[in-house]
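Q: Sequence:
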Amino acid sequence: MIAKNRSIPKEIRIYEAIVRRLPVNHPRKTEFENKLSRKRAGYKGEKELDYHVSQIDHSKFTILHDIRIPYNETHFQIDTLFISNSFIIPIDSKYYAGTLEFYPEFNQMIQYLNGNEKVYPDPILQTKIQGRQLKAFLTSHQFSPPPFEPLVAITNSQALIKNPTKNKEVSQRVFKSPGIFYKINPFLEKYHKEIITNQDIKKMVKLLLRKHTPYLPELKELPFSDFQKGVECPACHTIGMERFHGLWGCKKCGHTSKDAHVAALKDFFLINGPSISNAQFSDFLNISSIHQSKRLLSALDLESTGSTKGRIYTPDKNFRLWE
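With the first letter of the sequence shown counted as 1, position 271 gets the number 271 in the UniProt record's numbering; the numbers rise by one all the way through.
These aren't lab readings, by the way, just hints derived from the structure by calculation.
Think of the CB as a built atom: it goes at the ideal place given N, C-alpha and C, for glycine as much as any other residue.
Treat the hints with care, as some may be off.
Have a look at the derived ranges for each label pair, beta carbon to beta carbon [claimed, not checked]:
id, residue 1, residue 2, range
1, 310, 29, 30 to 38 Å
2, 141, 238, 50 to 58 Å
3, 219, 295, 55 to 63 Å
4, 172, 71, 23 to 31 Å
5, 24, 218, 21 to 29 Å
6, 136, 107, 17 to 25 Å
7, 71, 218, 30 to 38 Å
8, 207, 158, 37 to 45 Å
9, 228, 169, 44 to 52 Å
10, 190, 219, 44 to 52 Å
Between the sequences and the hints, there should be enough to build the whole structure, so can you do that?
A: Written as structure tokens, this is what we have:
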């Protein structure tokens, strides 16, 4: 059973809004374009792993995708988690390209790509640490979890995995996404004793879902005044549509839209936080009439607090900010 599906990370939505709104010549635009590219590649790899997870028998497992749990004033994240009555498997997904050489005896992995050599922390050690943190978290909540068997999924199909020292742990714990069944099956054969009941698993999953805290990047170092204001054309992506006769019109390509302001409002929320005043809405969308802004805001799925000039709008549960 899948208890938590994977959704597009909120980081990606935030970085998309930043890249959309930063001017071409902004000194940090390339930095955020690179962050967005890396996050999209990682998510693509995770979805590839999810496909292969969907092909195996779920009857013996409860599966959670992408959980991030508070721990000792910080957080730990597990890309995919298998929970059974007899063992738990945390899986860390890595979308590394090129040739990957694993050296767990030195707690490192070396990537060779385009003639360059780069050293990374050992992914096996990373997923072991995540498993240890999860075990400590569950124990602190009065659970007695079964054994942990951490795995590492290399989700880039073009990556070449090498094990120069023939380390057994690399062979046992590292795999390409299509091989997930053949990594999990040995544990089904190894562990037979039921350590936790189905009721325990339900309580455990309920706790993890309640404590799950998605990561949101800090944007305090980016002044809001750096971002381009206006409504983006959904056809040619030029920012600066104008409002006339109940429609938004693009002077560049001629496209018209009834609701292009919704995407602009989402950009504001993603960059500046989930609240906006009528004056901020008018300013960000370049609307000259405060009354027109109020009408547009009132027609959306928003909650409001305060009155007259002090009214603040926030997304309600039907406003699809993260989609």
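Q: Determine for every hint whether it applies to the structure shown.
A: Here is how each hint holds up against the structure:
no., hint, in the structure
1, 310 <-> 29: 30 to 38 Å, "holds (35 Å)"
2, 141 <-> 238: 50 to 58 Å, "holds (52 Å)"
3, 219 <-> 295: 55 to 63 Å, "violated (30 Å)"
4, 172 <-> 71: 23 to 31 Å, "holds (26 Å)"
5, 24 <-> 218: 21 to 29 Å, "holds (24 Å)"
6, 136 <-> 107: 17 to 25 Å, "holds (20 Å)"
7, 71 <-> 218: 30 to 38 Å, "violated (19 Å)"
8, 207 <-> 158: 37 to 45 Å, "holds (38 Å)"
9, 228 <-> 169: 44 to 52 Å, "holds (50 Å)"
10, 190 <-> 219: 44 to 52 Å, "holds (46 Å)"
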